[in-house]
Structure formats: C-alpha cells, structure tokens
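2 protein chains.
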Amino acid sequence: MTLTLSINDAQRLPLAPLAAPTRLLLGPGPSNAHPDVLAAMSQTPVGHLDPAFLQLMDEIQAQLRYVWQTENQLTIAVSGTGTAAMEATLANTVEPGDVVLVGVAGYFGNRLVDMAGRYGADVRSITKSWGQVFSLEELRTALETHRPAILALVHAETSTGARQPLEGVGDLCREFDCLLLLDTVTSLGGVPIFLDEWKVDLAYSCSQKGLGCSPGASPFTMGPRAITKMQQRKTKVANWYLDMNLLGKYWGSDRVYHHTAPINLYYGLREALRLIGEEGLANCWQRHQKNVEYLWQSLEEIGLTPHVEREFRLPTLTTVRIPEGVDGKAIARQLLNEHNIEVGGGLGELAGKVWRVGLMGYNSRPESVDRLVAALKQVLPQ
Amino acid sequence: MTLTLSINDAQRLPLAPLAAPTRLLLGPGPSNAHPDVLAAMSQTPVGHLDPAFLQLMDEIQAQLRYVWQTENQLTIAVSGTGTAAMEATLANTVEPGDVVLVGVAGYFGNRLVDMAGRYGADVRSITKSWGQVFSLEELRTALETHRPAILALVHAETSTGARQPLEGVGDLCREFDCLLLLDTVTSLGGVPIFLDEWKVDLAYSCSQKGLGCSPGASPFTMGPRAITKMQQRKTKVANWYLDMNLLGKYWGSDRVYHHTAPINLYYGLREALRLIGEEGLANCWQRHQKNVEYLWQSLEEIGLTPHVEREFRLPTLTTVRIPEGVDGKAIARQLLNEHNIEVGGGLGELAGKVWRVGLMGYNSRPESVDRLVAALKQVLPQ
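These protein sequence lines map, in sequence, to chains A and B.
Residue 169 in the UniProt record's numbering sits at position 169 of the first sequence, and the numbers go up by one each step.
Residue 311 in the UniProt record's numbering sits at position 311 of the second sequence, and the numbers go up by one each step.
Mixed in with the good hints there might be a few duds.
Intra- or inter-copy, both count: the list cannot distinguish identical chains.
[As the list claims (entries may be wrong)] Lysine-lysine pairs mimicking DSS-like chemistry, simulated, CA-CA at most 25 Å apart:
| # | residue 1 | residue 2 |
| --- | --- | --- |
| 1 | K353 | K249 |
| 2 | K353 | K236 |
| 3 | K234 | K377 |
| 4 | K199 | K353 |
| 5 | K329 | K249 |
| 6 | K128 | K199 |
| 7 | K236 | K329 |
| 8 | K199 | K377 |
Source of the hints: derived by calculation from the structure; they are not laboratory data.
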C-alpha cells in the first residue's frame with residue numbers, strides 16, 4: 001500500500017455530523033415525509049433479491065394500483081425521482097418519427113416537449129396561458145390536426161396549480177387511436193384519479209408529494225395499449241436504466257436482476273402507501289380538499305388571492321398572487337429564515353407573480369395552514 | 001366528491017408496519033449501511049433548493065473528489081443507482097457513430113456494451129475469461145485496431161472479483177486520443193483509486209458498497225476532456241434526466257432547478273463520506289485489504305478457494321469456488337434463512353461455479369468474516 005503515500009487531502013472537509021434544519025415544507029415539493037416513513041427508511045437494508053424485498057415490491061405494486069385506481073399489471077416504482085418516471089413513459093413508447101402532442105400550460109408541459117424530442121419524436125404542442133386548462137373541444141381539434149401517436153397531458157401542473165379535467169379525454173384518444181400519457185406528479189394521493197375509468201395508458205408520479213414519502217422512488221404505470229406499442233418497437237428502448245422490458249422482468253415473476261434498488265426508499269414508499277391504505281383513499285382525497293379550502297379562506301382573510309379559477313384549482317398546490325409592490329422572493333426568504341417555512345416561487349410566465357403553496361401528504365393538515373398564515377401576517381407589509 | 005363512491009378497493013392490502021429482517025449483507029451489494037448513515041437518512045427532509053441543502057451538495061462534491069482523488073469540478077451524485085451513473089457517462093459523451101471500445105471480462109462489461117449501443121455507438125469489444133484482466137499490451141493492440149473515441153473499462157468487475165490494473169492505461173488513451181471511461185462501482189472507497197494520476201476522463205460508482213451508504217445516489221465524475229467532447233456535441237444529450245449540461249447548472253453555481261433530489265439519500269451519502277474522511281482514505285483502503293486477507297485465509301482453512309489469481313483479487317469482493325458436488329444455491333439459501341447472511345451467486349460464465357462474497361464499507365470488519373465462516377462450517381457438507 002505504498003501508493004497511499006501520495007493521497008491528496010486538499011478536498012477532504014472536516015465535517016461535523018449532519019444537523020439538517022427542521023423546515024415545514026409548504027412549497028411545490030418535497031413535502032415533509034411522514035415520521036413513520038422516516039422511521040421505516042432507517043431500518044437496515046436487505047438485498048434487492050431477498051425474498052422479503054420481493055414481497056415488499058409486490059406490496060408496493062398493489063398499493064400503487066390502489067392509489068391510481070388501475071388494474072395495470074406493469075405498475076412499479078422506478079429508482080429515480082418523478083422526472084425519471086416521466087422520462088420512462090416517453091423512453092419506452094416513443095420511436096423516432098412518432099408524433100407526440102403535448103398540452104403545454106406550464107413548466108412541466110415544456111419539459112415533456114424537450115424530453116420527447118430527445119427520443120426522436122416529432123413533437124407538436126398546444127398551449128394555454130399558465131394557470132388555464134384545455135377543453136375537450138380544444139383537444140379534439142388538436143387531435144384532428146396533428147394525428148399524434150401519443151397525447152401527453154399534465155393532470156396537475158406543479159408550476160401553476162391548475163387541474164386538467166380528464167373526463168372524456170381517454171375516449172377521444174381511443175377515437176383517434178393514440179395513447180394518453182398523464183403527468184400525475186402533483187395529484188397522486190391528493191387529487192381524485194381514476195386511471196382506468198379515464199382510459200389513461202401511461203402515467204407517472206413522485207413519492208414526496210401526495211404520498212407523503214421522501215423523494216427518489218417514483219410511481220410508473222403502463223397499460224396494455226402502451227405495452228403493445230412498446231412490444232412492436234423496431235428499435236431498442238433508448239434508455240437502459242428505464243427500459244420496461246428489463247424492469248418488467250425484475251418486478252414481474254421472473255425476478256431477473258436489473259439494478260440494485262434503493263432499498264431504504266422502497267421501505268419508505270411502502271410505509272407511505274400503507275398509511276394511505278389505512279386512512280382510505282377517499283378520506284385522503286377529502287382531507288386534501290378540506291385543508292386546501294381552509295387555506296384559500298385563510299389567505300383571503302389576509303388579502304391574498306389564488307391565481308387559478310376556483311373550479312380548476314388543485315387541492316395539493318395553490319398559486320397565490322403576490323400583492324402589488326411586494327417583493328415575493330424576500331418574503332419567501334423571510335418565511336424560510338425566520339419561520340422555517342418553505343414556500344415556492346413562480347416559474348416561467350408566473351415568475352415573480354405568485355408563490356406556490358403546497359399542502360400535500362403528511363403536510364395537508366390545518367396546523368400547516370395556521371402556521372403559514374401566522375407567519376405571513378408577520379412578514380407581509382401591513 | 002361524489003366520484004369517491006366508485007373507489008375500487010380490490011388492490012388495497014391490509015398491511016402491517018414494515019419489519020424488515022436484519023441481514024448481514026455479504027453479497028456483491030448492497031452492503032449494510034453504517035448505522036450513522038441510517039440515522040442521518042431519517043432526519044426530516046429540507047427542500048432541494050434550501051441553502052442548507054445546497055451547502056450539503058457542495059460537501060458531497062468535495063468529499064467525492066477526495067475519495068476518487070480527482071480535481072474534476074463536475075463531480076456529483078446522480079439521483080439514481082450505480083446503473084444510472086453508468087448510463088450518465090455514456091449518454092453525455094457518446095454521439096451516434098462514435099466507436100466505443102469496451103473491455104468485457106464479466107457481466108458489467110456486457111452491460112456497457114448494451115448501453116453504449118442504445119446511444120448509437122459503434123460498439124467494439126475485447127474479451128477475456130471471467131476473472132481475468134487486460135494487459136497494457138492487449139489494450140494497445142485493441143486501440144490500434146479499433147481507434148475508438150472512448151475506451152471503457154471496469155476497474156472492479158462485480159461479477160468476477162477481478163481488479164483491472166490501470167497504470168499506464170490513461171497515457172495510452174491520450175496517445176490514441178480517446179477518452180478513458182472507468183467503472184468504479186465496486187472499488188470506490190475500498191480499493192486504491194487515483195483518478196487524476198491515472199488520467200481517467202469519466203467514472204461512476206454507487207453508494208452502497210465501499211462507501212457504506214444505502215443505494216440510490218450515485219457518484220459521477222467527468223474531467224475536462226470529456227466535458228469538451230460533450231460541449232462539441234451536434235445533438236442534444238439523448239437523456240434528459242442524466243444530461244450533465246442541465247445537472248451541472250444545478251450542482252454548479254447557477255443552482256438552476258433540474259429535479260427534486262432524493263434529499264434523504266443525500267443526507268446518508270454525506271454522512272457516509274464524512275465517516276470516510278474521519279477514518280482517512282488510506283486507513284479505509286488498508287482496512288478493506290486487511291479484512292479481505294483475513295477472509296481468504298479463513299476460507300482456505302475450511303477448504304474453499306478464491307477464483308481469481310491473488311494479484312488481481314479485489315479487497316471488496318471475492319469470488320469463491322463452489323466445491324465439487326455442492327449445491328451452491330442451496331447453501332446460499334441456508335445462509336440466508338438460517339443465519340441471516342446474504343452471499344451472492346455467480347453470473348454468466350461463473351453461474352453455478354462461485355459464490356460472491358463482499359466485505360465492503362461498514363461490513364469490512366473481522367466480525368463479518370468470523371460470522372460467515374462459522375455459518376459456512378454449519379451449512380457445508382462435512
């Protein structure tokens with residue numbers, strides 16, 4: 001070991017053990033993980049092919065089907081954040097030249113456009129002002145015009161707080177013989193979703209919002225029509241890590257090794273899903289709705305107005321207009337530094353115009369609202 | 001909320017809180033995470049743009065440079081497992097038509113071949129029996145023959161337990177004007193690595209082996225020559241999640257949002273790296289070497305032989321020949337079920353021929369060896 005003589009210590013930092021600040025995370029995500037989730041995550045890991053872990057994977061699959069209300073066999077959690085799950089939907093189904101039509105009314109619609117292009121799609125988009133949603137008639141016209149292989153929509157636009165109604169969209173997609181791909185990152189667990197009734201073919205989400213877990217293991221689901229498209233590919237899926245042909249053999253009965261799963265995150269995800277099962281999905285959705293209505297009322301009492309029309313507001317995330325003359329960034333900084341509360345700023349069209357306030361998963365509680373409003377009263381100019 | 005009337009409860013499982021079995025993980029990974037790592041991971045998450053988290057990211061970057069012995073600015077942890085970090089090295093540097101030469105002497109060499117092909121590379125390979133390594137002369141001949149843009153080698157082949165010597169390979173790559181890409185998944189933290197002295201341009205690893213963390217946030221580094229190749233691309237990086245142009249703006253001084261990092265895993269990784277800094281890298285390498293020599297000696301005392309020639313054996317992972325007439329799978333199952341010890345089986349050429357025994361990170365301790373050998377004495381036929 002004479003080699004060790006030449007070790008360079010320049011980068012070695014004299015670090016103290018971690019002491020993370022305790023924040024109340026009321027931004028667009030992550031939210032605070034449920035304490036039981038954090039406790040589950042700190043259990044010692046087992047191997048990724050351990051019978052105990054394989055059973056846990058089965059449990060995660062079943063509970064994900066429950067929260068999404070789907071019978072899709074290929075319903076798993078990918079080993080990455082919501083963005084990886086988003087990429088997985090496109091990577092597996094898009095072949096070079098496929099027309100992909102994206103509804104863009106916010107930041108994450110734009111991300112879908114960028115991503116689909118990287119897989120060789122002929123990307124088309126329809127746009128709306130940030131905070132608005134698409135009508136069924138607008139979608140029909142766009143499908144007639146573009147005749148896409150895939151229509152991608154964002155159910156809950158994290159950048160605007162708007163909820164895209166889905167009733168009838170799936171039937172429209174069948175009529176035009178295209179797949180329906182849905183971003184449910186900010187809706188799963190907190191907003192009513194009926195994936196099968198809505199005839200959604202592909203969907204993805206994240207763990208750290210409505211599910212109340214820590215980020216990093218992200219729900220993904222793929223229905224029979226999407227699987228058929230994948231099976232008919234002429235080219236390999238252009239992404240090894242997210243290739244569902246391979247991942248399906250690990251999550252399915254074959255149990256073929258693909259990658260070393262982030263074991264402890266799956267412990268947390270299983271616990272988060274267990275807690276939703278215990279609460280009941282309807283109760284969970286109702287809790288989110290009730291608490292966000294309390295938020296809206298409380299904000300209005302201190303003179304603050306949500307950006308999105310009431311009918312289309314999300315129960316999980318509210319964009320709040322920054323009053324004229326108020327420095328939104330400075331207020332957010334004060335909330336963080338003086339009150340340990342995180343809220344988000346606006347993105348894109350809404351930069352500087354709104355704060356983003358999330359009440360998701362474990363954080364969807366009246367106490368979160370009370371703490372935020374009390375802090376806002378202190379930091380907002382009188 | 002009348003919609004909730006139609007909730008389908010068929011998939012809802014009546015789950016009890018998680019009670020994972022306590023295993024001693026002596027397979028090819030994951031290894032047991034250090035208890036302090038698990039404690040750090042259970043702290044409540046902060047936001048991915050919180051000043052406290054940005055500081056933690058800086059600390060992770062510095063400590064990763066230390067354990068890799070590199071000055072590379074673009075040294076980060078990607079939000080996925082080691083396989084995602086592997087894919088990141090190829091996705092960012094390979095353009096369609098590039099010749100990528102891969103040294104294949106095990107399972108992970110083959111994975112590099114498959115992955116590089118998905119990014120449009122003209123993949124060539126040189127092969128060796130599983131458990132052997134490439135000589136400098138063999139590599140020179142291959143470079144002369146194939147004139148690749150990238151030479152990809154596996155420093156520590158997790159499927160065979162062999163250590164590929166790197167001395168002189170970097171100079172060879174400069175001579176042939178190609179990038180050197182190195183898999184250090186089973187070496188980082190446990191095997192001497194001098195990335196800059198070896199003139200390695202791209203490397204990746206994982207968190208759950210030599211670093212003693214839980215899996216899911218994986219070291220990635222890219223030197224100036226690789227960055228130049230990336231910057232000269234004619235096409236976008238064909239992977240959004242792993243695009244270093246975007247990730248570099250989040251990990252660098254711009255702090256542009258890219259994705260929601262798996263906060264709690266980064267807590268764990270920072271703690272794992274802090275512990276190595278505290279121990280000292282030379283001490284950590286020496287500990288791995290000392291304990292594996294104790295393992296080899298102890299195994300030989302009960303009549304078991306390592307598969308790889310001593311000179312090229314890894315300190316982190318040993319392939320052990322299954323004695324004639326012994327059912328290797330049955331023994332591994334007994335170790336797991338009766339002794340809570342996990343060891344790995346063989347893959348590919350070595351399937352059914354070896355067990356894989358890891359002594360990595362927190363598990364590289366004499367007690368691990370003693371417990372394994374005591375259990376083997378009980379389960380092996382006398």
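### Message
For each hint given before, does the structure comply? Return the numbers of the non-compliant ones in rising order.
### Response
2, 3, 4, 7, 8
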